[in-house]
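Q: One letter stands for each residue in the lines below.
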Amino acid sequence: MTTSLSVRRHDQRQRASAPRHHHHALIQQLEPYLLISPTMLVIVGLMVVPIVIVIGYSLMDNVVTNPNPKFVGLANYTAILSEPGFWGAAVNTLFFTVGSVVVHMVIGMVFAMMLNSKSMARVPRAIFRAIYILPWIFTASVVAVLWRLLLDPSGVINYILISLGMVHEAVPWLATPSTALLAVTVINIWSGYPFFMISLLAGLQGVPSDLYEAARVDGAGFFRQFANVTLPALKPILYSMALLDLLWTTQQFTLIWATTGGGPLGMTEMLSTFTYKLAFNAYQFSMAATSAVLVLGASLIVAVFYVRNQRREA
Amino acid sequence: MDQFHQQNPNITVKLISAPFQSLQQQTISQAATGTLPDVVGLDGAWVNPLYKQGALLNLSDAMKSANYDPKDLASQVGYSGSTYMIPVVNFVYPLFTNDAILAKAGISKPPTTWSEFEADAKKISQSGSAKGWVVPLSTANPNGVQNDILSWAWASGGSMLKNGQPNLTGNPDVTGAVNLVNDLIQAKAVLPGADGLQETAKVENFINGRVGMMIDSLAHITTITKGNPNLKFSVSAQPVKDGYTGKPGILTASWGIGISAKSKHAADAWKLVQFLMSQSVNSKLSTLANGFPGNSTSTPDFTGSDPHFKQAFAIYQKSTPVNEFVGLPAADQLMTDFLNEFQKVAAGQESTSTMLANVQAAWKQQF
Amino acid sequence: MTTLSARAVGSTRTAGSRRAARRRMTARVGLYAGLTVGAIFAGFPVLWMLSSSFKSNAHIFAYPPKLLDSSFSFAPYVAVFSDPVEIGYFVNSYVVALSVTAVTLVVALLTAYVFSRFEFPLKRIINVVIIGVQAVPPITLLIPYFGIMVTLGLYNTYLGLILTYVVFTLPYAVIMMTAYFDSLPREVDEAAKVDGASSQAILWRILVPISIPGMVSVGLYTFMISWNEYLFALTLTQTDNRRTVPVGIQLLMGQNNYLWNQVMAMSILGSIPVLVLFLIFQRYFIGGLAAGAVKS
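Protein chains in written order, with our numbering: chain A, 1 to 314; chain B, 315 to 681; chain C, 682 to 977.
No lab work stands behind these hints, which were simulated from the structure alone.
C-beta atoms are modelled at their ideal positions from N, C-alpha and C, and glycine is treated no differently.
Please note: incorrect hints may appear among the correct ones.
[Claimed, not checked] Pairs of lysine-lysine, DSSO-like flavour, derived with a Cα cap of 27 Å:
(1) K747/C / K540/B
(2) K235/A / K804/C
(3) K385/B / K598/B
(4) K70/A / K678/B
(5) K366/B / K70/A
(6) K747/C / K546/B
(7) K576/B / K70/A
(8) K385/B / K561/B
(9) K502/B / K418/B
[What the hints assert, rightly or not] Here are some, though not all, of the chain A residues that point toward chain C, as calculated from beta-carbon distances under 8 Å:
(10) I27
(11) E31
(12) I36
(13) N66
(14) I137
(15) S141
(16) S154
(17) A202
(18) L231
(19) F305
Sequences are here, hints too, so could you generate the full structure?
A: Spelled out as structure tokens, the structure:
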């Protein structure tokens, strides 16, 4: 009632004042543009412009190392799309990204629900929350160095596994073709789940407790409560976090570069490391730009879903 | 540096360092935007792209205008008759052996031939917890190709090039080197996880007594003695192919110097280069770095230096310094191509001859 | 009959409550067991980092590995603290991260306010652009970006780094703040509008004070991204008086050997500010995310 009333009054007022203050209305119309201009200025100047330059590079025969590049149209695109290395990297990136996102979601959910449990006192809750957040606060190159230490053949993880009799001899996890991709994915899972967890924890705290009461009165057990109350309430966050994580994980470079460099046998070559090598190992900056534009295109598809979701929610 | 400032009070030199892992990427980016420092330290692997970018000053011209006679320079790196980089300090890569580990395996002196080396590496691996050798083959840093695979061919007078073109297929020296390394990997005589190891792993594992032998830069003597003051070790020449009697080669990495083409103080920059290359300064500089001087008239100053340093100099004088990757186009890419194929051989997916044919084809595209 | 049934009811209830108590007990034990397993997964690597930061370099790879060994000392920390250059990295990191946080917050507030409270023709497209730029892999922009910074004269300056991180953090900050504003009832600002408040007054006097939790979340996120970023920090700086902590850590990893213990010590020291901020603000942080995340 009050809402509709105030809106109507507001409308009347505006209608009454509009003819008298014409320039005022103009300012009002321009105001949103004025307010977002700082954002647009930095984003256009420092994001859109470099993107356009990169797209330009991808249409040249070679840049940076070549003083007089020539326009070659889409030749770089056909070249890179027919290269098996590119597709191998794409498949690895897909595994790495989807694996990371799914497990982030599961671990984030389990940890968030444990931390949100009613049967825990305040102090242990705060302690566990602080421990669970730890992996998040380290920069990627440090995470990489740390895990190289842990996963070394004579490192502590192999030592524990041998002591428990789970492996017979030390496994160089990051250097064995069959385990390397899994190993880097685990490292990424470790370093990336806390953000998921915190967002879900925030979401859980926003779920009204009377919903659970109602479900319990209906005789719903833990799993039914989870499926009928928790999951639907968290769906919007899960969806948007998953899409954001998808974008961020696809871009992961430092972690891969500092642990395996894409090897062994190219088993952990991602699109990001593939692109980097094109640029800084082979000095083919145009090809690198082409690969980057393709990644950008794929990422934009994900971004479109994200925007759609944001709009539907709004 | 203080000495240089005293002699040239009008020139101020600011030292700029960067993390090694990213040095190359930074140098190339800086060259692309014209923000390269006036005088740049260079690795042989980057000279080619920087030259193509037009980022390096033609040093032959600089020498001419400064009336400098380059007769004392031990070597110069350049293209079409002009110099673009001058090696200031040369680092050799001898064989390091851990005396205690070798003794435990019943080996009385460091190996001198490939077959001795192979046998010794296997003996060490069977006699205790240490492995015979360490070979870092991570693609994050493909240097293992030059330091630990092709160095075997070079030491025995072999070459991977013929008339400036790749010559790998059917090359007996390169084939032998690849087979030697692969045999040792298959025999589990090297530190496990070679595909994930980087160059730093060599010294770390050597210091900790986990490997008996390594081919490594002489520059690391300080690191070794600091890391484990009680370690007894020897340096010797890299073993050669059985029956090879010619002059041995020794892998040499150079720390070189160039001048930015966009430098506004090219003449002053040249003065600094000249200063660094002068007989006494170059001698001091190289001794400090445990390397050998780029000025052929300078001799290292052995007073107070590590005894291994003197031994290594004796080896250096008897050998020809080699590193065929210096100045090649996209040297890192060449090594990465080689490494990718070599990993297949080590995984048993490919024969040595197929591997060399594939690498040859990949290299042809770069030349 | 009546007494009998009553007794029957009574006995089932006590049995039931005993069973319920037992179930609660099992659930609790299960919860703590689960929490402990999770804590090992999350915390053990960090514990190992801490332990390594007190070892000597030669002992870091000793086998069998030990959490504490004979080489325990504070030397790696002393080495970091006694080097003015390394202290300088911390100062630079603070200058950059705090400035970025302030700038991003102000700019994101303005933009989020517009997205949440205004309707205008280009809104949808601009929204897509802002979200879309998050899809750009930063590494691919390195070379042109570097060129732009040099042209603008921002190479090797605080301002260059600050602007860069503002660009990186702004999209997510705008998204989060918009969601937060959307969760606030419109009645609040409508009423103020009726009373003749300008739109700026509504934003700064009415919306901002009740948005502190949202701003804390955005601020913490922004601070952390700028504190931890490495690639651009490396590329856009040249001298030690502008370099940040992650670059400093990388400088300890040389060509020939890593100063593992100092790397670990500096990483621990570098992560303390973020951890402290999180511990202070965690209630707000989670609250801020909650309001933005769940819309009923």
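Q: Taking the closest Cβ pair, is S154/A under 8 Å from chain C?
A: Holds - the Cβ of S154/A comes within 8 Å of chain C, reaching about 4 Å at its closest.
Q: Do the alpha carbons of K502/B and K418/B lie within 27 Å of each other, as the hint requires?
A: Judged against 27 Å, a Cα distance of about 18 Å means the pair holds.
Q: Would the pair K366/B and K70/A pass a check requiring their Cα atoms to be no farther apart than 27 Å?
A: Since the Cα atoms of K366/B and K70/A sit roughly 16 Å apart, the hinted pair holds (cutoff 27 Å).
Q: Min Cβ distance, S141/A to chain C: is it shorter than 8 Å?
A: Nearest chain C Cβ about 6 Å off; hint holds.
Q: Under the criterion that the straight-line Cα-Cα distance not exceed 27 Å, is the pair K576/B, K70/A satisfied?
A: Holds, at about 24 Å.
Q: Are the Cα atoms of K385/B and K598/B separated by 27 Å or less?
A: Holds, at about 20 Å.
Q: Against the 27 Å threshold, does the CA-CA distance of K747/C and K540/B hold or violate the hint?
A: holds, 22 Å
Q: At a threshold of 8 Å, is the proposed contact between I36/A and chain C supported by beta-carbon distances?
A: For I36/A, the interface hint holds, since the closest Cβ of chain C sits about 5 Å away, which is under 8 Å.
Q: Can you verify the interface hint for N66/A: is its Cβ closer than 8 Å to any Cβ in chain C?
A: Violated: closest Cβ of chain C sits about 13 Å from N66/A, beyond 8 Å.
Q: Are K385/B and K561/B close enough, with their CA atoms no more than 27 Å apart?
A: holds, 24 Å
Q: With a cut-off of 8 Å on the beta carbons, see whether L231/A makes it to chain C.
A: Violated, because the Cβ-Cβ distance from L231/A to chain C comes to roughly 13 Å (cut-off 8 Å).
Q: Against chain C, with CB atoms and a cut of 8 Å, does the hint on I27/A hold up?
A: I27/A check fails; min Cβ-Cβ to chain C is 10 Å, beyond 8 Å.
In summary, the structure is inconsistent with hints 10, 13, 18 and 19 from the numbered list given earlier, while agreeing with the others.
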